[in-house]
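S.K.: Single-letter residue listing:
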Amino acid sequence: MKIISTKDSLSYGIQVCQRVVSSKNPLPVLSGILLKAGDGTLTVTATDLEVGIECTLPMDIQEKGAVVLPARILGDIVRKLPDVKIVMEVNSQNFNTTIKYGQSEFNLLGLSSEDFPILPSIDFSSVLTIKQELFKNMIKQVIFAASSDDNRPIFTGALMEIGEDTVKLVATDTHRLALRTAKMENNGFELEKSVIIPGKTLNELNRIMTGEGEDVKIAFGENQIVFELPGTKLISRLIEGQFPNYKQVVPQGCKTKIKLKTKELLEATERASLLAKEGSNFVKITITEENMTISSNSPEIGKIEEQLPIEMEGEETQIAFNSKYLIDVLKVIDTEEILVELTGSLSPGIIKPAEGQNYIYVILPIRIV
Amino acid sequence: MTQVTKLSSIIHCDMDAFYASVEQLSNPELQDKPVVIGGNPKSRGVVATCSYEARKFGIRSAMPLAEAFRRCPHAIFLPPDFSKYKKASKEMHKIFYDYTPLIEPISLDEAFLDVTGSLNLFGTVESIGTEIKQRVKQELGLTVSVGIAHNKFLAKLASDMSKPDGFLVISRERLQEFLDPLDVGRIWGVGQKTAQRLKNLNIRTIRDVRLLDKRILENLFGSYGHQLYLLARGIDNRPVESDRQVKSVGREITFAVDITAYDQLERVVMELSVDVGRHLRRTQMQGKTVTLKVKYNDFKTITRSKTLDIAANLDEIIYSEARGLLENTLTKPIRLIGVSVHNLTEKSDNQLSLFGEGEESKSKLTRAMDIVRDKFGEESITRARLLDVKD
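Heads up: the sequence lines are chains Z and G, in that order.
The numbering of the first sequence is my numbering, which starts it at 1 and goes up by one.
The numbering of the second sequence is my numbering, which starts it at 370 and goes up by one.
Each hint should be verified, as a subset may be incorrect.
Stated by the list, open to error - With a straight-line Cα cutoff of 20 angstroms, these simulated PhoX-like cross-link-like pairs (lysine-lysine) come out: (1) Z:K324 to G:K657; (2) Z:K100 to Z:K2; (3) G:K669 to G:K701; (4) Z:K277 to G:K716; (5) Z:K140 to Z:K2; (6) Z:K36 to Z:K64; (7) Z:K140 to Z:K168; (8) Z:K24 to G:K675; (9) G:K616 to Z:K277; (10) G:K453 to G:K506; (11) Z:K200 to Z:K217; (12) Z:K324 to Z:K284; (13) Z:K131 to Z:K168; (14) Z:K324 to G:K716; (15) Z:K284 to G:K616; (16) Z:K277 to G:K657; (17) Z:K24 to Z:K7; (18) Z:K247 to Z:K183; (19) Z:K257 to Z:K352; (20) G:K662 to G:K701; (21) G:K463 to G:K453; (22) Z:K200 to G:K675; (23) G:K716 to G:K616; (24) Z:K263 to Z:K324.
What the hints assert, rightly or not - To be clear about the criterion: a stretch of chain G counts as covered by chain Z if any three or more of its residues have a C-beta under 8 angstroms from a C-beta of chain Z, and this derived list gives those stretches: (25) 671–681; (26) 687–698.
Treat the hints as calculated values from the structure; they're not laboratory data.
Since this is a predicted model, take the numbers as computed values, not measurements.
The beta-carbon is built from N, C-alpha and C at its ideal position, and this holds for glycine as well.
Bound conformation, chain Z alone (with noise of 0.2 angstroms):
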């Protein structure tokens, strides 16, 4: 095999391929990337066996042929090479391989392709397709509310709903839930479905999509969907079980119900958490007929209190929440002003902009003993 490359076009290849490779991965030859080339294009395929991604570069291809290289240090290495042509050459007995760069050269010792996970085919037959821009707000919106805790798997991937006209993701971590709908009709996708889709995954896509250009087009397969962009094709394992029914949660109604600045929130919030108790971090709410009261307390340090201007209907109330999760959800609404729905305060909060129904965030509250 060998191939003549600008640094950026390779670069830009293992560079989103890379982030896949677990540097504790059992199977040697997964430590690695694979490099395909073929007719007038080089394909770079990096999986975990959980998400496998595949990038398709336009490339001068002088000899086809395949190799496996280590990720890490092949990454290093090309992301500090000089920007001159670049050539890189197997030897296709032992697959040592050879990066020449100007009058320089740099050796690796690669594996046979041979014994790299072949990517699952999955039929385009039925095909989603949703604006990039969308998909990354969605994406934005919900995930960062999925659990780390792999004990409980479904809870670390968000759901994704297809409906004859919608489109909703879901991530939950049990303390609070965020819900975002997006209006879709003619997607293109005739099925209703539902899916949870791993939190990694959605997190890789999203760091791959630029927000413009062509729409992603999303299908599935047995236990697999795959997000393709031009160049580029993500495969990912879905996780199986069954998603608890986040409708009956979502509090119908309220007793207290408030308007303010999104960004006023936002920073009062921040402030707050900044003495707030170490470990369940929570800040407390007081909301008057005047005003809105944010206060936290550390024993040992200090203590704050802000207050804010709110429109305000309904009981006057008091309720504490963790303040990172209120923080996380202030920070993706983009709209200047936010609804606060609250019932009393062990009932679970509801967080959504002012205008619009597409988004919807139910928060937990701390019970202070």
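Given chain Z, work out where chain G should sit, using these hints.
M.R.: Below, chain G alone, put in the same frame as chain Z:
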């Protein structure tokens, strides 16, 4: 720049037969009689401590009460009264505080004092030691053994070696001479099993250990081998830590026979998790990180940790994390296993949960079990799975 290290002056104070002495003090009828603290000799408990009169009959701490009764049927058996001992311990600490604020209590009856900074005020370390001994006798009516050296290991060794009513100074110049002939079991951290392992290798005295190459010790005992190497030379750099903050709560167990059955390990991990959980709840704490420690029969030790999203103190949660960490660890026979919880915070609040009906009922059940145990003792209620572990 050369660093001038000032020699530390450490005193180890260890009360003699503390619980028994306190009982004898509060009830003159017990004076000069064999007193055994632990409880009813027909129960399955062990001796917590016993008076020196009882020791003449061969009764020792940690001996089953039934055995103690067999050796000395006319001994007076008393259940421990911790509130009484705590009070006496407090009085004792008041005396210590007159000499230094750097006090590290090890238990109710034992403490390290760092008096390095107090020497200008009180003269020599020996005179402080003597004074403490006299005042404890005069003001509290109790005897304390005092060990003095320049580090904790040697200070404790000194008080242990001179018990009862002891007073011993290990000077820096003569420490090797002092250490060399001692049995390896005297080294801090060397328990019965390690001692036996050393003896099997014909290593009997501290001198034998000292003559071994560091690498050999490290090959034999892993990271503890390095510590052995230092301790055999009387080197111990642990500082005296006053007002120690609890950083973790853990339990571990060394098996009498190395374990090779996963099922058995799981059960032990459950037992340890329940113990840790109970301790956390008792002290109103919760922790975010669960750690599993495994020591193999070749003394190689591994630890694995998992950090939770939300701090916990329920047995189920600790157990489920610890069991998760246990997976794939049984590569060799295991001699020790431990479960601990780190990253502690006070439990003063409760994050509610969306789909948490299960969790709420779990914590109610745990609370109920805790109340039963508080009232009727630790053995009164337990999990079915742990039932046959005790036998």
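S.K.: Would you list, in rising numerical order, the hints stated earlier that this structure does not obey?
M.R.: Those not satisfied are hints 5, 15 and 17.
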